[in-house]
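As they're listed, the protein sequences go chains Z and E.
Numbered by numbering that gives the first Met the number 0, the letters in the first sequence go through residues 0 to 373 in order.
Numbered by numbering that gives the first Met the number 0, the letters in the second sequence go through residues 0 to 180 in order.
It cannot be assumed that every hint is accurate.
[Stated by the list, open to error] Per label pair, the in silico range of CB-to-CB distance:
| no. | chain 1 | residue 1 | chain 2 | residue 2 | range |
| --- | --- | --- | --- | --- | --- |
| 1 | E | L106 | Z | A311 | 33 to 41 Å |
| 2 | E | K61 | Z | A127 | 22 to 30 Å |
| 3 | E | A63 | Z | M243 | 35 to 43 Å |
| 4 | E | L106 | Z | N165 | 41 to 49 Å |
| 5 | Z | L150 | E | T163 | 52 to 60 Å |
| 6 | E | E91 | Z | W153 | 37 to 45 Å |
| 7 | E | G86 | Z | N39 | 42 to 50 Å |
| 8 | E | E91 | Z | N165 | 22 to 30 Å |
| 9 | Z | T320 | E | R49 | 32 to 40 Å |
| 10 | E | E173 | Z | L150 | 56 to 64 Å |
| 11 | E | T163 | Z | D201 | 45 to 53 Å |
| 12 | E | P28 | Z | D301 | 30 to 38 Å |
Worth flagging that the hints you see were computed from the coordinates, not collected in a lab.
The beta-carbon is built from N, C-alpha and C at its ideal position, and this holds for glycine as well.
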Amino acid sequence: MIRKHLSAIIITIITATLGVIASIDFARMHHPEELYPSSNLTGRVMLSDYFDGIKGTNGDTEVFLFDSGIEGGTALLCGGAHPNEAASFLSTVVILENLRVTCGRVIIIPRLNNSAFTCSDPMEGFPAFYELPTRNGTRKFRLGSRVTNPLHQWPDPLVFAQYPSNQQLSGFETRNINRAYPGKADGNLTQRVAYAIIQLIDKENVSIAFDIHESSPEVPIVNVIVYHEKYEEIAMGAVLGLEMAGLQFSPETSPKNFHGLSHREWGDYTNAIPFLMETSNPSMGRLRGETNVELVLKGYCDNYSKAKESGALRIAYREETGEPIEHRVGRHIMGIIELINSYNLYYPDKQIKIENLPDYDLIMEKGVGEFLNN
Amino acid sequence: MKKIVTTSAITLVLLFAGSSLLAQKFEQPVLISSAGQSADVKLVKMLAQRQGLDATTILMAKPADLKGFKSLVIVPGFSSKGLGAAGVSQQEEYERVESLIKAANDLKIPIILMHIGGNARRKGQSDSFNQIVADNSKYMLVVRQGDEDGFFSAISKSKNIPLTLVDKIAETAEPLGNLFK
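Given these sequences and hints, build the entire structure.
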């Protein structure tokens with residue numbers, strides 16, 4: 000009897016074993032990696048403390064507070080709106096683990112769309128994790144999805160009607176937090192997280208807010224600072240300051256009629272001055288070759304060299320060096336520093352002073368891992 | 000000795016005359032506008048303010064807006080976000096720029112091209128704007144990265160339009176100011 004079904008039993012056992020291994024690997028995506036804030040951290044709360052409509056959900060996320068104790072403005076730094084954009088999350092982690100605030104306050108949310116860290120985008124071949132060498136070993140981080148995990152918000156409508164503008168987008172965008180602002184208290188999970196962010200900005204009286212992103216080298220909106228039209232002088236001052244530091248950023252105005260994005264709705268619905276920054280990440284592009292950890296971290300891809308050589312498109316890609324993670328994180332951190340410097344010129348009575356952050360050259364020289372604690 | 004002095008004097012006069020021809024001057028007030036609605040025009044506005052120029056910035060300037068101005072600075076460069084903010088299509092923007100340039104030429108208002116966006120405002124959808132402005136300009140002030148392939152240099156050479164190349168955006172301020180002094 001046993002002999003008769005031996006092959007079926009063996010196949011069942013192998014399948015079950017592979018299933019268990021895959022399940023364990025998949026379940027690991029739901030465990031957030033430990034972060035090690037600098038000793039200057041003064042508070043640690045959850046986003047649900049600002050709106051309990053996300054309490055107990057996968058959308059709830061950690062909020063880190065740095066209060067200098069000296070009256071000034073408040074900066075909000077958000078990474079991980081799209082967790083497939085590694086430099087977005089890592090930039091906020093580097094800041095979190097090194098920051099010292101000497102005037103005003105800084106609030107950091109490294110995993111803005113926490114649910115999207117628990118899955119990856121189907122059919123894209125993205126690695127689930129990547130590792131960085133640090134002073135004391137290695138740190139492992141998740142590479143997530145552009146949008147909320149479908150296990151946490153399902154199904155997608157065929158057409159997404161953005162709230163409250165009613166602007167129509169593809170159904171997939173219903174899980175994109177950067178199309179969900181100002182959010183909706185009784186909406187889907189993504190809308191509720193967006194609503195919670197708006198509540199945080201209001202309750203903490205945030206003065207200046209950053210939403211950090213990456214994009215494909217071939218899209219037009221890359222290596223940019225996107226600003227709300229009310230605050231263009233701050234953006235222009237920062238662009239010039241960054242240029243003096245050898246970093247070219249293009250200023251881009253937030254379109255008034257493209258709704259749901261942080262640079263539009265944070266500026267329209269709150270008193271915060273919003274900025275969104277993008278770096279060039281070849282692992283996200285449609286022209287990329289093999290998609291692996293090396294591409295995510297080194298950002299080097301021959302296809303983009305060829306595309307740039309062809310001259311058919313404007314490609315934001317450096318043929319000699321690629322777009323490594325150090326370059327992308329360095330640009331974001333310098334962008335934040337210069338925008339805060341520029342903000343301070345226009346708001347001398349609500350200053351924000353930050354210290355102890357590595358600059359672009361230092362990150363390029365020593366690597367991102369050098370500035371991570373563990 | 001007399002011969003040397005005479006030769007030196009003639010040389011100096013010729014050099015002075017030559018430099019005067021090269022150092023082209025434009026008159027104020029200045030209208031600053033965009034071609035392609037990139038936010039680079041806002042940076043030029045800031046640089047012009049810092050140089051104390053009598054300048055007005057109208058992003059979507061039309062032929063009627065030229066009234067009273069003696070020079071026109073156009074900042075070319077395509078931006079999808081900028082066009083979205085302005086609520087116009089690329090074609091509508093191109094037609095506006097075309098009509099503005101034609102009107103400026105009819106009114107004999109000299110056009111100065113300022114391209115400060117480097118690679119980000121080259122090729123793709125930017126070059127049609129770069130081309131039409133460059134072809135009709137009397138002077139070009141360009142951040143060098145935007146001319147890596149010699150795009151502006153070639154137009155400068157073929158149409159005999161003076162071109163100043165600088166390394167950084169901030170370095171355009173002084174030559175811009177000097178054009179009006």
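Structure-based check of all given hints:
1. Checked against the hint of 33 to 41 Å, the pair L106 of chain E and A311 of chain Z passes, with Cβ atoms roughly 38 Å apart.
2. Checked against the hint of 22 to 30 Å, the C-beta distance between K61 of chain E and A127 of chain Z comes to roughly 54 Å, which is inconsistent with it.
3. The given range of 35 to 43 Å is respected by A63 of chain E and M243 of chain Z, whose C-beta atoms sit roughly 39 Å from each other.
4. As the Cβ distance of L106 of chain E to N165 of chain Z is approximately 45 Å, the hint placing it in 41 to 49 Å holds.
5. Between L150 of chain Z and T163 of chain E, the C-beta spacing of about 59 Å keeps the proposed range 52 to 60 Å intact.
6. Look at E91 of chain E against W153 of chain Z: about 41 Å separates their beta carbons, and that is inside 37 to 45 Å.
7. For the pair G86 of chain E and N39 of chain Z, the beta carbons lie near 45 Å from each other, so the given range of 42 to 50 Å is met.
8. Judged by the Cβ atoms, the range 22 to 30 Å given for E91 of chain E and N165 of chain Z holds: they are separated by roughly 25 Å.
9. At roughly 34 Å, the beta carbons of T320 of chain Z and R49 of chain E sit within the given window of 32 to 40 Å.
10. Judged by the Cβ atoms, the range 56 to 64 Å given for E173 of chain E and L150 of chain Z holds: they are separated by roughly 59 Å.
11. Taking the beta carbon of each, T163 of chain E and D201 of chain Z are about 48 Å apart, inside 45 to 53 Å as hinted.
12. The supplied range of 30 to 38 Å is broken by P28 of chain E and D301 of chain Z, whose beta-carbon atoms lie about 52 Å from each other.
When held up to the earlier numbered hints, the structure conflicts with 2, 12 and fits the remainder.
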